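Q: Chains as they are written, first to last, in the numbering used here: chain A, 1 to 146; chain B, 1 to 506; chain C, 1 to 492.
No wet-lab data here; the hints were simulated from the structure.
It should be emphasised that the depicted structure is a prediction, and the values quoted were computed from it without experimental measurement.
Misleading hints may appear alongside valid ones.
A few chain A residues facing chain C, derived, Cβ under 7 Å [claimed, not checked]:
id	residue
1	K37
2	L84
3	G94
4	T95
Even glycine gets a Cβ: it sits at the ideal position worked out from N, Cα and C.
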Amino acid sequence: MTMINSFLAEKGIYLLTFILLALGVAGIITCNNYMKKLICMNIMQVAVIFLFLCLGQKRGGTIPVALSGAAEAAEYINPLPHGLMLTAIVVSLGTTAVGLSLLLRIKEKYGTIEEDDLLYREKLLSMETQRTREKLKKQDQQSKDK
Amino acid sequence: MSFNWLSWLPLEYRPLCAVLVSLCASGLIYVLGEHVHRNLREGITLSAAVIKIILVYSLIPAALAGNEVKLELFRIVKGVSFALSVDPAGMVFACVAATLWLLTSVYSIGYMRGHGEENQTGYFAAFAMCLSAATGLCFAANLLTFFIFFEVLTVATYPLVVHYRDDEAVASGRKYLAYTLISGQIFFAAIVIVYAVSGTMDFKPGGFLTADMLPMPWALIVFFMMVGAGIVKAGVMPLHSWLPAAMVAPTPVSALLHAVAVVKAGAFCTLRVVLYVFGPELAKDCGGAQLLAWMAVFTIIVSSFIAMRKTNLKARLAFSTVGQLSYIVLGICILTPFSTAGALYHIVAHAFMKITLFMAAGAIFVTTHKKDITEMVGLGRRMPVTMGAFAAASIGIAGFPFFAGFVSKANIIFGAVEAGQPLFVATLIASALLALAYLMPVVLIAFKKEVDNPDFREFGEANPRMLVPLVLAAVLSAVLGIAPNLGLHLFDLSLMAGNSIFDPLM
Amino acid sequence: MIESNLPVLIILSPLCAALICMLLTAIHRELGRAVVVLAVLVSLVMSVMQLRLVIDGGPIHYAIGNYAVPYGIELVIDSLNALIIVMISLIGFLTVLSAGNFSDRRPLVHGAANTILALLITGLLGMASTGDVFNLYVFLEITSLSAYCLIALGGSRGVVSAYRYLLVGTIAATLYLIGVALLYGATGTLNMGDMAEILDKGDHDNVMLLASCFLIPAFGIKMALFPFHGWQPSAYTHAEPGTRPLISGVMGKLPALAMFRYFYCIFGTDFVYVKYMMAVLGVFSVIGMLYGSIMAMWQSDIRKMLAYSSVAQISYISLGFAVGTPVALAGAFLHMLGHAFMKGGLFFCTGAVRFKYGTADLNDFGRLYKKMPLTGGLLTLAALSMIGIPPTAGFFSKWYLALGAAGQHEWIYIAVLVISSLLNAAYFFKLIEKLFIQKSSGIRERWSSRELELPVTLLVPIVVCFIAILGIGLCNAWIVDVLMMSLEGVGL
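So that you can see chain A by itself, here it is in the shape it has in the complex (with noise of 0.2 Å):
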């Protein structure tokens, strides 16, 4: 029992992690809804934040902003994980943007963001341009023929 204790205890986080991580990439690829899958595509974006900001912490440390009492670099935990996360996040804002913003054009030509409702649609639309593209080179025949 303490051994499982103590490894929740150092490692459960990663476990935990994991399990977020899992989650967000089990949610992209089952789930139907694109803006579900948006939404774990963000669910496991959270997960890697975690994972760096688990890598930078230490037993004892304060947050990486320098304090009267605290002269000694051993005194703060690592800052380069939060510094390199807040990229991350803004490049994830910036991903989920995008994502949403396509999701807004969907929506606009095909009237739905449901996967399999779109798969069919776009069936039709290539059927349908085939079918343009037949008729305008029937036309053509048909003009010059004449």
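Got chain A; can you put chains B and C on it based on the hints?
A: Chains B and C alone, transformed into the frame defined by chain A:
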């Protein structure tokens, strides 16, 4: 012949110029062809052909003297340079290709115009490209340079095969590509392996591979991977079927395929691989040479029988080519100096004789629109010169004395006797009779006395632009039979090549 | 002054253009585009200068903002990425030049497209130059985000492809970050050179193994390596037509370069499992080469055919990594350079055909060479190069790859190279047959001029690609010499 006036051009640059002159001609024709008068376009072809002949002939004295003429231009890949050199074997093929380019060009002009063909620009451009690649093959000093020209030849021939652009042409074009590209890629893999084990690529008389570089089963596999490309192009059975299919192309193309460049390139590739890469010893020890020789024997016999059953004249000639090319392969695989010289000389002899036959077939087709032998009854009376040349070339193919074919076959037979292979001797003699059996009927039908075929009343002799090259080729094949060394010393060169391979000290 | 800051100026020049492009477009429609063209041209000139410097003086290490190296961001330019930077900026320049012909009528969209294109070039250049693993992530995301946008600009099918690519691409980026996290946790540094040194000293095999399990899929997705290629065909097919050469020709190569950096420069030979990882990569490449070529054979839309052929061609590059000798690596990089021009050139051609006739169906290509001789010429040359007919670039990269494989006694790789070229021949000769033999179909010209087959801005890329394919082929020994300056001693 003296080429002193050409001395401003260093000897080692002449092979390169010979390659470039037709390359430039090809480019010029392609770019300008549609915009200038066709006479000017054909002028480019002819002047390039003449320059090429001069350049190639001017190298003969050096090759005869056994001088080292080598040009290393730049590194084609890391460790291997783009090198051109002059050696007797390459010289023989180069002379043939250059000479016949002029003849076929003149003939093509007559044929294409007489027949009102489309896409003549593309045709002449691709033709020049093929010749450029063939010349490159002759002078290539190492395997990689050789392979580059080999593949360029493969691709450049494709537009010629599909010249008519109908379904049949497309089908045979695909067949041609399937055969040549597959074998070419396997050749490529083998070249890589050879370079990886030996670290060199330079052709050497007597070969540069040894048994310890390639242990036994590998030697045989690599041997056939390399020779495969050659024998596909040379039409050795069972890899020949692209060649009859390619007969859909216009007749001058067939003449080029069969006589000037393509199948000869295959035979020449076999020669380079067997004798300059593997060398007689390894080729014999790995068993590849014997296997190949028996394939050649099989091809010689079977193709003659197939040829007899074909009534389309061009198809009959195609199978005749399949058989005759196997003479060369057999000559190489007997692995004696005489047979090698005979094989090399057969490249010359067969080229002149077969081109006569094809030119005659083409002349008949353009003048009378007849393709089938059975329809040619009584043709001889209307086109006596054409059919006379055809008869002469037929006798030559059969190997009668005083024709070029005799010299080469006699040498191959000497070689076979020397090597103690009575079965090969018997094959060669039997095939001579078979050749007579499938070519003479054409002549006999054409000269049938009692029939006066009404089909031919309105026709006369063929157009002089076709007739002149055709007669010239026939005369040359007779002359080369009587005096094999006349002018170009082609027979001496062949002998030199044979001796240099089997006795490097000589 | 300029010379000492070249690495960063090359990246900054298109970035600045991107920032002001929208503003300038508001003033005048074409002004923004002109600035982007100019900026990429400046990058091109500087990248050539940089290549010369690298060849003469060896690798350049440039610390951004003069922050000391393991802490600040470093740009490392050796002869490998100096060549690739020249390639990116050249194709980028040609793409920007020709993209004007496909521009949207709405001025805002036109300006935005140019802005994003400039950003894409910035991202690609940054990915090639950087020597910092997290900086690589940032540039990777800049590249990907601009690629999503450019793909989405290609019409309603494009939007859906872009969205799918966005999901998959983000998974890849996340996987990459996890890989970085593992390595950072073990070494405490983000600088590539520093990380390589620390990994060398200690026993970090398990961390490297775990990290490479995340990195291979991450880069695999980004470079569209089989079996991670699912997003690629529709994305390449429906991308904004003017930008396809850059997206399909160059974008997949940079993750490959990053993969090389990880496995050969950071992990290096002391990583005991590298052989196994490379064997896995080899299996992916072998299947990918065959799968991509076979799928390409069934396509009647030329863009889709080219997209699937990219799946096969990117596998040539990873095959070179899998073999791992300096010769094979040189082959892989030569293929990277050559293939960018081949695929870019093919997409320039299809773009030109679309521009002139408004079609991308293979069946409409009948006897095109008569109407568009230069386009037909490049299509033929690029197709021959894809097959690997000498003396084009494709033959020589195949030569080095096969030679490397023969040196390692990997006969299967050679056999697959041969089979793959033959499969390539099967569908590229279909294209050539269409070009030269098939009767022309009744397609109508949308643009015509008496003197030229195409506008100059479309002709220039076609001519440059034609020269580049032949040039890379004939000068391959020189290029390999330059590559070898960095590859010597790197391989397995």
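Q: Would you mind marking each hint as holding or not holding in the structure?
A: Quick rundown of the hints versus the structure:
At its closest, the beta carbon of K37/A sits 6 Å from a beta carbon of chain C; the interface hint therefore holds under the 7 Å criterion. Annotation: interface hint on L84/A holds; nearest CB of chain C at approximately 6 Å, less than 7 Å. Here the hint on G94/A is kept, as its CB sits about 6 Å from the closest CB of chain C, short of 7 Å. Of the supplied interface hints, the one on T95/A holds, with its beta-carbon coming within about 6 Å of a beta-carbon of chain C, less than 7 Å.
Checked against the numbered hints listed earlier, the structure breaks none of them; every hint is satisfied.
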